[in-house]
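Trainee: In case you want the letters, here they are:
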Amino acid sequence: MSAIDDAATEAAEAPEEREIEEYRPHRKWYRRADIMVPVLVLVVVYALLVGYVESPNFFRTRMEAPGGLVNFDWMWFFHLIPLMLQGLLVTIKGALLGFAVAVVLGFFLALGRRAKLPFVSWPTMAVIEFIRSTPVLVQLFFWLALERAIPGLNLSPIALLMVGLGVHYATYCSEAYRAGINSVDKGQWEAATALNLSPATKWTRVVIPQAVPNVLPALGNYLVAAFKDAPMAFVIGVHGVLFFADQVAAETFRVTEPYLIAGAGFLVASLPAAWAVRQLERKIAYERI
Amino acid sequence: MSMNVPSDTGAPPEIEHPRTKLVLVLGLLSIPIPLLGPVAWWMGNQELRQRDDDDRGQLVLGRTIGMVMSILLLVVLGLLVTLAAVGQGWLLTGGQYRTLIKASLVTIQILIYSFALGIVLSLVVGVARLSDHRWIRGAALAFVEFARGISSIILIFIMAVAIPILLDVPQASKILLAAIALGINMGGYGAEIIRGAILSVPKGQVEASLSLNLTPTQRLRHVILPQAMTVILPPMGNLTIEILKGTALVSLVGVADIMQSANNIRQEQLFAQEGTKAVLFLNVLVLYFILAQIVNVLFKLWERRVEKSYEGGRTLTPDELPAHIRHATPGVTG
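Residue numbers (our numbering), protein chains in the order written: chain A, 1 to 289; chain B, 1001 to 1334.
If you're looking for bench data, these hints aren't it; they were derived computationally from the structure.
Glycine included, each C-beta is placed from N, C-alpha and C at the ideal position.
Please note that a few of the clues may not be correct.
[Claimed, not checked] Just the calculated beta-carbon pair ranges, DEER-fashion: (1) B:1135 - A:188: 47 to 57 Å; (2) B:1264 - A:153: 21 to 31 Å; (3) B:1048 - A:117: 15 to 25 Å; (4) B:1145 - A:188: 33 to 43 Å.
[As the list claims (entries may be wrong)] Rough simulated footprint, nothing fancy, chain A against chain B, three-plus residues with beta-carbon under 8 Å: (5) 1070 to 1077; (6) 1137 to 1148; (7) 1158 to 1167.
The task is simple: from the sequences and hints, build the whole structure.
Mentor: Next comes the structure, spelled out in structure tokens:
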């Protein structure tokens, strides 16, 4: 009885739903809400993060640290939260800036890797393989030393982090892009050639619109990974979440609370990000790379 | 179709490929003479592109060695030339190299510890993720989310600095604590790999082993894992390289690994007023690259072994058959 009822109501509701969720691919992309809303939210958040987050020079607690005999003090732990958030925002900013470099640079690396000329593609591949299999920490030190060695060049720590993280994750992104470009159907390339499209039109109107949605989840995963690598930039002087923990520990001689709250704050930021990426992955029909 | 045309459905005749050996020899020779690396790489690729029927193991091995050597050659040449142009020295002194290589043993030690812990954790958690009990599944999921969500560097700091004080345990060995942190991190990613691989084994295999009345442990050990191995190994190799990269972080809690001794050398250079030299870290990068490629080659060899074990061997002659089969087989006189 109830099953029949359900079926009846479903049948009654189905046409309405279809009308509501009508998919109109012919609309221009900038008039589609499902594209514009995420883009706008992203742009606003990005602008706020990059524009308004300033790295504090030092993290000073307002509260007296408890005495040395206590292993763990909840009061002090909660007191550290605002300071930790300041540091975390700087870390997020660094990760986003670095990833912005990676997304752009990675595409060109992927193009270089696909180049027909062997003396373009081989060195690109060698560089990608080399950067991929060496630690970011050492690379950050390398960029720092290189920056010091070149006179007249004066980069801020966060710019250095941007370069280091960007170059490292560009190699990862390039692999994702390469898989995405390869997944574009061969017939599409042939059709573009048959229609006599110029290379620029072929890439911007045919290949990239089909390749990039496939790789978005992979890029999202790399963004989360980059965010997880960003705190180590405290070695080059970025005042992020680990710098906060380090400085508070050095000033108050208490190490448990700062590091634990750094870890907790980190989880609070990275778990939703990973979840969002998984939702994206579920939404986009996506071939495993 | 006329009957005179010979049908091409039969197996093609076995052709000896002289270049297979050549590629392998060139690849092996490129270890002492890196200049041969690109040749082996190129030839191996040409051969691999042309053929896909007979065994490619030797070709792949020769090509891979050639590839590694030519990458090394290119990177070292390119970056050293760049740095020389910037006006830096070319190489470190012998003593500094000795320090770095001694410290790389510590790095390898940490890698082995965390790899061992990571493999155990990922097996246990990966199997627990597919458990029938809700609570076990939930706990495994929580572990995976924690291990993948937290940054390995923060985990290392918590493990090596905060935990000993919080739990009042004496700070036994920082190497061990840092390796535990890296192992937890690896366990989280490895558990997902193993879970995916177990799910990729055809369902009929599980049903067959159930009908043979194997215990769950036997089923996992003898039926599922051996078949999942081909799916597990390639991502596991990448994961191991990620962990190798992660070992550089333990220098920040004061373990004397490669990175720490590089920093010591840097301090010496600063003390001697030589300034910070980028070439020092370039050498460290090359050292890490070599270690990563060693891990890579080891996993490739392992993969090859696993793949080989799935290729059937030739038919055994009656003399080679085990005794109880030989006697039971009709028509074979033992």
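Trainee: Does each hint fit the structure? Answer for all of them.
Mentor: To see whether the hints hold, each was checked on the structure:
no.	hint	result
1	B:1135 - A:188: 47 to 57 Å	holds, 49 Å
2	B:1264 - A:153: 21 to 31 Å	holds, 26 Å
3	B:1048 - A:117: 15 to 25 Å	holds, 20 Å
4	B:1145 - A:188: 33 to 43 Å	holds, 38 Å
5	1070 to 1077	holds (count 4)
6	1137 to 1148	holds (count 3)
7	1158 to 1167	holds (count 5)
Of the numbered hints stated above, none is contradicted by the structure.
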